[in-house]
Amino acid sequence: AQRVTQPEKLLSVFKGAPVELKCNYSYSGSPELFWYVQYSRQRLQLLLRHISRESIKGFTADLNKGETSFHLKKPFAQEEDSAMYYCALAPGANNLFFGTGTRLTVIP
Amino acid sequence: NAGVTQTPKFRILKIGQSMTLQCAQDMNHNYMYWYRQDPGMGLKLIYYSVGAGITDKGEVPNGYNVSRSTTEDFPLRLELAAPSQTSVYFCASSLGRGANYGYTFGSGTRLTVV
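As you go down the protein sequences, you meet chains B and F in turn.
Numbered per this note's numbering, the first sequence finishes at 152, counting up by one with no gaps.
Numbered per this note's numbering, the second sequence finishes at 1605, counting up by one with no gaps.
The reader is advised that the hints may include incorrect statements.
[Unchecked claim] Chain B is faced by these chain F residues, among others (derived, beta-carbon under 8 Å): (1) P1530; (2) M1532; (3) L1536; (4) P1552; (5) G1554; (6) F1581; (7) G1597; (8) S1598.
[Unchecked claim] Covered stretches of chain B, going by a simulated chain F footprint (3 or more residues, C-beta under 8 Å): (9) 57-64; (10) 97-104.
Since the hints were derived computationally from the structure, they do not count as laboratory data.
Given the structure is predicted, the values throughout are model-derived calculations rather than measurements.
Beta carbons: idealized from backbone N, C-alpha and C, even for Gly.
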């Protein structure tokens, strides 16, 4: 069965420090993975997807099939990065499976 | 640009009452979804639709019903509200299969059943 695990509910880093939000998945097929973000008082929105291999707002995420991970990284955190981050897996069906989310707080 | 519009934003129901959560999108998206999010949990799919007249169950469909008579609207019906249905409900849409296009979310409906 497919599963997405985000082990950290809360993560605090200082402004300018590197940040890594962890995501591990369980899926027997070829995974399609995403990061969604929800800023305060805003809607949940797509941040990036692994198939695009893109960098959005300085964030990147690399799919590691050996470790079944899709960690989200940014070298220098900014205050505006404070938000709730969700990792999501599309197992080939018409659905996304979401992790429980990590609340990132960037301390000035 | 309205995107995905959900109404109401908040609602308190008594046990056994019924209500319909409304969801409308103006992007001509074929795919629409209903998720619920319980405190401290991830989003779980209730129902989804791949086009007008086509709906299917997700992970947690019990206690809910949906219809998709038009491309724009995808209402979620709770027939006999129970405390276990206290949650935040999110509607989302995508142009095609979500994995390829990503989802556009509504702002959510916070429902409390007492």
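Cross-check of the supplied hints:
The closest approach between the C-beta of P1530 (chain F) and any C-beta of chain B is roughly 10 Å, which is over the 8 Å cut-off, so the hint fails. Restraint check, M1532 (chain F) versus chain B: the minimum CB separation of about 6 Å is within 8 Å; hint holds. The restraint placing L1536 (chain F) at the interface with chain B holds, with a minimum CB-CB distance near 5 Å, inside the 8 Å limit. Evaluation of the P1552 (chain F) hint against chain B yields a violated restraint, the C-beta minimum of about 12 Å exceeding 8 Å.
Hint status for G1554 (chain F): violated, given a least beta-carbon distance of 19 Å to chain B, over 8 Å. The criterion of a C-beta within 8 Å of any C-beta in chain B is met by F1581 (chain F), whose closest approach is roughly 7 Å, and the hint holds. A cut of 8 Å between beta carbons decides the hint on G1597 (chain F): the least distance to chain B is about 7 Å, and the hint holds. At about 5 Å, the closest approach between the beta carbon of S1598 (chain F) and any beta carbon in chain B falls short of 8 Å, and the interface hint on this residue holds.
Taking a C-beta to C-beta cut-off of 8 Å, the segment 57-64 of chain B contributes 0 residues in contact with chain F, too few for the three needed, and the coverage statement is violated. Check result for the segment 97-104 of chain B against chain F: violated, 0 residues qualifying (beta carbon to beta carbon below 8 Å, three or more required).
The structure is inconsistent with the numbered hints 1, 4, 5, 9 and 10, although it conforms to all the rest.
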